[in-house]
Amino acid sequence: MSSRNGISGEDFRHEALLYAGADDFVSRTGPMIARAVDAGEPVLVAIDATKIELLSRYLGARSRSVIWKDIRGIGGNPARIIPLWHRFVTEHRSSGGVLGFGEPVWSGRKPAELVEAQRHEELLNLAFRDARRFTLLCPYDMMSLNGEVIEKAHLSHPAVMYPTGEGASSHCLGIDAVAAPFDLPLPEPGGRIRELTIRGAAVGAVRRLLVECGSRMDCARREDLTAAIAAVAICVGGPMAGTRLRVWQESGALVAEMSGLAPVDDPLAGREWPAPPEGAGRGLWLANQLCDLVQLRTTADRAVVRLHVSP
Amino acid sequence: LFDSSHIKKRAGGGRENHAQGSAIGGGGAEVSGRHVQRLTTGSGLSGSSGTERLLPGEPVDSDQFDEVQHWVIVYEELTAFVRQAERDLSQMLNRYARRLEHWRRRHDELAGPLRAGEHRNRRPR
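Protein sequences appear in the order of chains D and L. All residue numbers for the first sequence refer to the numbering used here, where the first residue is 1 and numbers rise by one. All residue numbers for the second sequence refer to the numbering used here, where the first residue is 1001 and numbers rise by one.
These aren't lab readings, by the way, just hints derived from the structure by calculation. All figures in this text were calculated on a predicted structure; none of them were measured in a lab.
Partial selection, computed: residues in chain L whose CB lies under 10 Å from chain D:
(1) 1064
(2) 1067
(3) 1075
(4) 1078
C-beta: ideal position from N, C-alpha, C; glycine also.
If we strip away everything but chain D, and leave its shape as in the complex, we get (with noise of 0.2 Å):
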């Protein structure tokens, strides 16, 4: 059964939106919103600040029933986006449909972001797969992303709109495949690396590496670094074992790596909301909050953290 604005299903629905400029993504998903909105519909949509505006003059009166949000920054780091979601379709369970818009892939994101904003975008289908009567279409814009990025938005998303009509993604990763651990290799720092081994939070001793290899970082940010590491070290690590940190710059952040850490078995771990009270969800959802970027990655045995804070 369609919902009143037949947009939202009474499942899940996850498709990635291609277009081509603001005008295009404009004249196909003001409509979209308009009709929700007219059904009295919730609708939420997570994008740049100037589509925002474009958006907002292109309906009128009817933006002020939108909650929006600028994607660049509950986004920067796309493990803090889930939350988001989960609380809006919490929210509104009882409504007869949510729609949401979520742009977490733009140009000019580093490449580390791209990976986990592609890894936030599988997760999703996990995330929300229980989920009823809720619509998330995901703009991608073929103007300014390479061939590459688009192509993956095919594994991400069930479905993708194009701009001459719609059709089923065959190449989408089925739950199982977003469910099993995420073991990607992250790509070998270059530079100095720094190094200590530590055992529960160490604050002094990473507090003195941060200032080794952060110097010119502003003092609260390595701040927000050091509690990020403790948070990981005492919620993921294991009790006995030492984790092993490394830490360097890279495009003028500070990245700390974390490893020899206890296997972290849930998917969604850190992108809870609320945050969990206790385990290796509490630990990351703190980092993801501290933190511009959070790499995880998880075999059966052990676990790997990548922190990375811009100055």
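Since the structure of chain D is provided, determine the placement of chain L on it from the hints.
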């Protein structure tokens, strides 16, 4: 445990500020993508304390109630984490301090009072 002065809770907006549909960051929040470098006292937030470093994605003075709630929770969780770590360390400290007291007493019983720091130079007999 940490210098947590920069993660003070500062969200003080109330329900009267809730307006679904207000554009993100109304009143001068980020529009360029990266989080704002310094917090300027926000008109919509009581209790803001001047210049403070923000977390990634933290809007300066959002008037969206759900966002205000979100940041209250984020900072509650962060302060709870640091407080818990402090409590854990404090418990550890108390235990070690009690054991130290025990062994100092035993030392006094066997060899007389130990002056502060003296144990560092002393070899077991």
